[in-house]
Amino acid sequence: MKPGNVQFAVLGLIASKPEGIHGYALKGECEAISDAFWSLNYGKLYRILDLLESSGELDVADQIQQGRPNRKVYRITERGRRTLDDWLLSPLTGEAQPLRDELVLKLLFLGAGQVNKVCELIKQQRGIYLTRLARISRRRRRLAKAGVDMKASELVLDGAEMRVRADISWLDHVERALIKGHFGSYPSKQK
Amino acid sequence: MIRYQSVHKNFGAGPTRVEVLRGFDLEIPAGQMCSIMGPSGSGKSTILHLAAGLVSPDSGSIFVGGRDIAKLDEDELTTLRRRDVAVVFQVFNLLPFLSAYDNVALPLRLDNVERNEERRRVEEALELVGISHRRNHKPAQMSGGESQRIAIARALVISPSIVLADEPTGNLDSAASRQIIDLLRDLNETLGVTMMVVTHDPVWAACCDRIVRLGEGVTEDDISLDCEARAV
Ligand SMILES: Nc1ncnc2c1ncn2[C@@H]1O[C@H](COP(=O)(O)OP(=O)(O)OP(=O)(O)O)[C@@H](O)[C@H]1O
Ligand SMILES: [Mg+2]
Numbered sequence: 001m002k003p004g005n006v007q008f009a010v011l012g013l014i015a016s017k018p019e020g021i022h023g024y025a026l027k028g029e030c031e032a033i034s035d036a037f038w039s040l041n042y043g044k045l046y047r048i049l050d051l052l053e054s055s056g057e058l059d060v061a062d063q064i065q066q067g068r069p070n071r072k073v074y075r076i077t078e079r080g081r082r083t084l085d086d087w088l089l090s091p092l093t094g095e096a097q098p099l100r101d102e103l104v105l106k107l108l109f110l111g112a113g114q115v116n117k118v119c120e121l122i123k124q125q126r127g128i129y130l131t132r133l134a135r136i137s138r139r140r141r142r143l144a145k146a147g148v149d150m151k152a153s154e155l156v157l158d159g160a161e162m163r164v165r166a167d168i169s170w171l172d173h174v175e176r177a178l179i180k181g182h183f184g185s186y187p188s189k190q191k
Numbered sequence: 001m002i003r004y005q006s007v008h009k010n011f012g013a014g015p016t017r018v019e020v021l022r023g024f025d026l027e028i029p030a031g032q033m034c035s036i037m038g039p040s041g042s043g044k045s046t047i048l049h050l051a052a053g054l055v056s057p058d059s060g061s062i063f064v065g066g067r068d069i070a071k072l073d074e075d076e077l078t079t080l081r082r083r084d085v086a087v088v089f090q091v092f093n094l095l096p097f098l099s100a101y102d103n104v105a106l107p108l109r110l111d112n113v114e115r116n117e118e119r120r121r122v123e124e125a126l127e128l129v130g131i132s133h134r135r136n137h138k139p140a141q142m143s144g145g146e147s148q149r150i151a152i153a154r155a156l157v158i159s160p161s162i163v164l165a166d167e168p169t170g171n172l173d174s175a176a177s178r179q180i181i182d183l184l185r186d187l188n189e190t191l192g193v194t195m196m197v198v199t200h201d202p203v204w205a206a207c208c209d210r211i212v213r214l215g216e217g218v219t220e221d222d223i224s225l226d227c228e229a230r231a232v
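As given, the protein sequences belong to chains A and B, one line each in that order.
Quick note on my numbering: the first sequence kicks off at 1 and runs consecutively.
Quick note on my numbering: the second sequence kicks off at 1 and runs consecutively.
So that you can see chain A by itself, here it is in the shape it has in the complex (with noise of 0.2 Å):
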């Protein structure tokens, strides 16, 4: 995962707690929307928190505990969510593995009249994938008709089109799912 996309996937998984979360049940709830495809320690974590208050993003309080020292619960700011907004319907980065994350974490944030926005993105994107299935495709045939003895660097393009295509199906699959209305769990402003 991007740097960046760290930071919104704290910002949008506090927003998703209008109630406020402590550091220590943020990290439980990062693992468990992650599956393991990121791994963020309790220092990164903090600093990340500690950078969205300073930018004025969080709203930090101190939570009395018996017997045990204050900890501190986050809030998600105006300003905070303006941002997180912001950054949900701009578009994706063109790169496919940063895309799946980063598609991935906008879906789980995504509010109910945010949808058609992100339709729209996933076209953009497979606009994106379809260009470059025909760039791979004007370049085999211009290898056959060159007549180059082409086994290794046919293999090579099979290799990119199947990654573009299991891309393409996946955005398939993610619309179908959108329109059905799976998605949009972060409790929107609109409401």
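The hints are simulated quantities; they were obtained by calculation from the structure and are not laboratory data.
It cannot be assumed that every hint is accurate.
What the hints assert, rightly or not - Quick list of in silico lysine to any residue cross-link-like pairs, SDA-like style, CA-CA up to 20 Å:
| id | chain 1 | residue 1 | chain 2 | residue 2 |
| --- | --- | --- | --- | --- |
| 1 | A | K44 | B | R178 |
| 2 | A | K145 | B | G215 |
| 3 | A | K145 | B | G192 |
| 4 | A | K72 | A | V60 |
| 5 | A | K123 | B | G215 |
| 6 | A | K151 | B | G192 |
| 7 | A | K72 | B | R178 |
| 8 | A | K117 | A | D172 |
| 9 | A | K151 | B | G215 |
| 10 | A | K123 | B | R178 |
| 11 | A | K180 | A | K145 |
| 12 | A | K145 | B | G38 |
Said to hold, decoys possible - Simulated restraints, written as ranges between beta carbons of each label pair:
| id | chain 1 | residue 1 | chain 2 | residue 2 | range |
| --- | --- | --- | --- | --- | --- |
| 13 | A | I122 | B | Q141 | 41 to 49 Å |
| 14 | B | Q141 | A | E120 | 23 to 31 Å |
| 15 | B | D73 | A | K151 | 38 to 46 Å |
| 16 | B | A30 | A | E120 | 26 to 34 Å |
| 17 | B | D226 | A | Y24 | 53 to 61 Å |
Everything numeric in this text was worked out from a predicted model, so none of it was measured.
The beta carbon of each residue, even a glycine, is placed where N, CA and C say it ideally should be.
Place chain B with the ligands on chain A using the hints.
Frame of chain A; chain B with the ligands shown alone:
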């Protein structure tokens, strides 16, 4: 050139009525190879059938080679089907009791083409699709890929300006599919034939110049693949 202008098409009536096209617009310039994608039931085959004059629209117009096909009389429509527009289907629709040669010759016989002319054109079409050596085989003696080549030869034998292919690779494995798509692409480039190819597979769609995705009875997405050869 093929042009659809605010085309509406429904099937059935009352409770069984299906609204398939709801103001569909599309223009395919001469010589373009355009693929049509979309979910099952979105109207891809209907679009091809409209351009072939096999189905007529409820409203809107379809122009083929600059002519509004609603304005053609029965004879002109027959000429359109026999000489200008050829259709290739997923099921090859070859007659089982005829040889490959006779299957390809069929459209010319329906059009009363003289025998020498017929032989010349059938041989040429078989040559173009690389299947001359199977000329005496019956459909049952040929593979799916070979059968589809015969079906394409039968489409080409009329020297059409437009070829409409409805999932031409639908019954073929991936290697045979690639050969068929490459063949269509070559024919488009060498003969300048305008093509519409319906496919579910993005890899075959991306071999075309353009991809039109259907949804909700209209064009949902129109992607130009006019990308010049860059690195993959
Ligand atoms: N002759 C017909 N009579 C009644 N309904 C029809 C007729 N032809 C098509 N339809 C209906 O119109 C809709 C669109 O059909 P069409 O065959 O164009 O879809 P398609 O996109 O080609 O689907 P597929 O990918 O499954 O081939 C479907 O719901 C189909 O049932
Ligand atoms: Mg169909």
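message = Could you work out which of the previously given hints the structure breaks and list their numbers from low to high?
response = 1, 2, 6, 7, 9, 10, 11, 12, 14 and 15
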